[in-house]
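**Q** Below, each chain spelled out in residue letters.
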Amino acid sequence: MKAFEIVTEAINPQVYADYVLRPEAGAVTLFTGHVREWTKGVRTLHLSYEAYIPMAEKKLTQIGEEIEQRWEGTKVAIAHRIGELQISDIAVVIAVSSPHRKTAYEANEYAIERIKEIVPIWKKEIWEDGEEWIGDQKKKPEGGLT
Amino acid sequence: MISLRYFAGLREQTGVSEEQVDMAGQTVEDLWQWATEKYPDFLSGAARVAVNEEYALPTDILETGDVVAFIPPVSGG
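Those protein sequences? They're chains V and H, same order as listed. For the first sequence, my numbering assigns the number 988 to the initial residue and increments by one for each residue that follows. For the second sequence, my numbering assigns the number 1481 to the initial residue and increments by one for each residue that follows.
Simulated from the structure, these hints should not be mistaken for lab results. You can trust all of the hints, since none of them are fake.
Facing chain V, according to a computed beta carbon distance under 10 Å, are these residues of chain H, among others:
(1) 1491
(2) 1534
(3) 1553
(4) 1554
(5) 1556
The list that follows gives simulated cross-link-like pairs (lysine to any residue, SDA-like), each with its CA atoms no further than 25 Å apart:
(6) V:1045 with H:1544
(7) H:1518 with H:1531
(8) V:1045 with H:1533
(9) V:1089 with V:1048
(10) H:1518 with H:1539
(11) V:1111 with H:1496
(12) V:1027 with H:1526
(13) V:1111 with H:1494
(14) V:1045 with H:1538
Pulled from the structure, derived: some chain V residues nowhere near chain H, Cβ distances all over 10 Å:
(15) 1010
(16) 1011
(17) 1027
(18) 1055
(19) 1072
(20) 1092
(21) 1116
It should be emphasised that the depicted structure is a prediction, and the values quoted were computed from it without experimental measurement. Each residue gets a CB set at the ideal place from its N, CA and C atoms; glycine is no exception.
From just these sequences and the hints, can you work out the full model?
**A** Right under this line is the structure:
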């Protein structure tokens, strides 16, 4: 495994938790994001994720660097799966270790927010009666052209 | 030449995932204009452009050999 990677097979979260664990760490937060069946009353059959892989891995690495600078003493690993995923499959795993728990929680949440802003990964929802690429429009990101 | 790459919904609109253009010396904004003229359905508002795997500014100048990606709104996680 790599500490920041795009994968095409099922994710084993323990691998990433083990990677960040060190003697200095008193806390490890392990977040797993899963494929949800129901979104605002619409039933998803499965999801398809696509990534610009080299850039996505670079941006995941950047997020890890941002965290390690902002919260001293943290260590981070992140993996995102692409391809076709079924309900309840793990799409993303984020592991953060730190000396104390508060930092591990905060840094972990920061990582998922940043993933949704800057990492070139796209989700397509496939429903019973159609499909659509989902775009998170919540922020004007860095380098935006508008 | 500049290599262009399209992803997700933008790829479905262009019908190709890659193509080459002769636009060295022109800006990212010029390329954007070219793309929206060629592909009228392009989402002009929300997409970003990456040059050599880093987000680019509209004023950045393209060089021969650059790999340019059109990045529609991301939705990982």
